[in-house]
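Protein chains in written order, with our numbering: chain Z, 1 to 213; chain A, 1 to 123; chain Y, 1 to 150.
Calculated from the structure, these hints are not laboratory results.
It should be emphasised that the depicted structure is a prediction, and the values quoted were computed from it without experimental measurement.
Hints may contain errors.
[Said to hold, decoys possible] What the simulated footprint calls covered on chain Z by chain Y, stretch by stretch (three residues with Cβ under 8 Å from a Cβ of chain Y suffice, anywhere in the stretch; the number is not a length):
#: 1; region: 64-75
#: 2; region: 141-153
#: 3; region: 173-182
Even glycine gets a Cβ: it sits at the ideal position worked out from N, Cα and C.
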Amino acid sequence: MHAMFNGDFGVILVNIFLLGILFAVAIAIARMRSLFAIVMLSGMYSLVSAAWYVAIDAVDVAFTEAAVGAGMSTVVLLGAMLLTSRTAKPEKFFFRLGPLLVCLATGAALIYATVDLPALGDATSAANAGVGYTYLQVGWFDTGIPNIVTPVLASYRGFDTLGETTVVFVAGLAVALLLGFGERSLAERIRNEGRTSNRGSKKAPAVSDEDPA
Amino acid sequence: MAEFLTDIQGIWEIVRFPLGALMCLAGALLCLVGTVGVLRFPDIYTRLHAASITDTSGAALVLIGMMLLSPGWLIVAKLFAICVFLFLTSPAASHALANAAHTAGVQPIIGRVGSSDADGEDA
Amino acid sequence: MNTDHHVILRVVAKMLIPVIVIFAFYVQFHGDFGPGGGFQAGVIIAVAIILYALIFGVPAAMRAVPPAFTRSLAAVGVMIYAGVGFWALLQGGQFLEYQALFHEPPGEHHGQHIGIMVIEIGVLCGVSGAMLTIFYAFAGRVAEIRDEDW
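Chain Z on its own, in the form it takes in the complex (with noise of 0.2 Å):
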């Protein structure tokens, strides 16, 4: 009984409970129908693994996590959703059918999988035995910058992070290529201000002195 209270058991606490709310988010947004509530959930989701990752250890990935996730692919998917229906169309059941055995068959396969993972933070695991440790022994020598995760992502992986950097990019591109670059919406306000001084203080009362009943 004793050994339930010690440092380990607050800590695999918390990963359960964050791991549950994932879970009970994850099973809300797969039954949802309406896009709005979906992606405020997928945000919520993002928030949560944020807080994950900082519960075991990667501050990097949470901060990306929490910055990308919850902020800037909610944005996104609201400017998407605005452009399409507010709901999801329904299904039949026999085309859910597929997806779901392919959605369990996966599941089965990664917890089968988990079997063998190391331990986290593990010493002989692939990821910290072998060129983890050199860079974690030699980056302080080679680079001088106490955060081992900048000089990995951009002096001994700057190869990598220069393609990273560039898909970013050619993802902005591509949408902007798809989608137009959006100055239309300017030029539209510019001929409407030309036109009418301004349309939204005409239309507030409007709706303020809508009848209650």
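Based on the hints, put chains A and Y in the right spot on chain Z.
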């Protein structure tokens, strides 16, 4: 006088841990109350009221408790910054939600407690 | 009668947006010592401008940060990054070999610091420009978010 000051410091060192724990507990209780309110209240405005209790009072009490428990001034400053930003953003977010609901024409449910929902829709 | 529904949001956003941008630069230049770096800072700067667009309207944001600027920023960021590589090449080293930037022996870190800082700035420009381009591409197709949709 100097003895008295060191005495105060010693007393403070003893007192601040139970005080901080008490603050954290109070904040957690407020969060619990807010959550129950979100689940139990009938319409969006009352639910928003319960949620904003969690956002502001609950979080602020927990943060103040953590400030009392913290070992150094740097952590106190960071927690204070978090507190300030929370106090700026949470009420603004609640206001935006309530404003959006009001602009979209959501009416609060008015009537006696326990009366049927039809009563609220008529109002 | 004041019909502006969003006055509180505007005031809070005006207070918060400069703080968000300052935090982004803190993340950018503190990346050597703590979590963070160019990618995160770029996204945070993009989010600050998107917050401005959400509160004050997309056309106002497009006037402040024009789409032509964001797409050139994305390209310039990648160019800065690759430019450091070519700078190292011109100094006689290999592509992106920071040690060769100032012809330093191993153990001296001036070139590493400068090189990493410059490529992080390149990543910052590239990511924030690309993110804002994506946002403008989506938001520019949507008609202005009407008051009923808030």
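How the hints compare with the structure:
With 6 residues bearing a CB less than 8 Å from a CB of chain Y, the region 64-75 of chain Z meets the requirement of three and the coverage assertion stands. Beta-carbon proximity to chain Y at under 8 Å applies to 11 residues in the region 141-153 of chain Z; the threshold of 3 is reached and the given coverage holds. For a cut-off of 8 Å, the count of residues in the region 173-182 of chain Z with a CB near a CB of chain Y stands at 8, and the three-residue condition holds.
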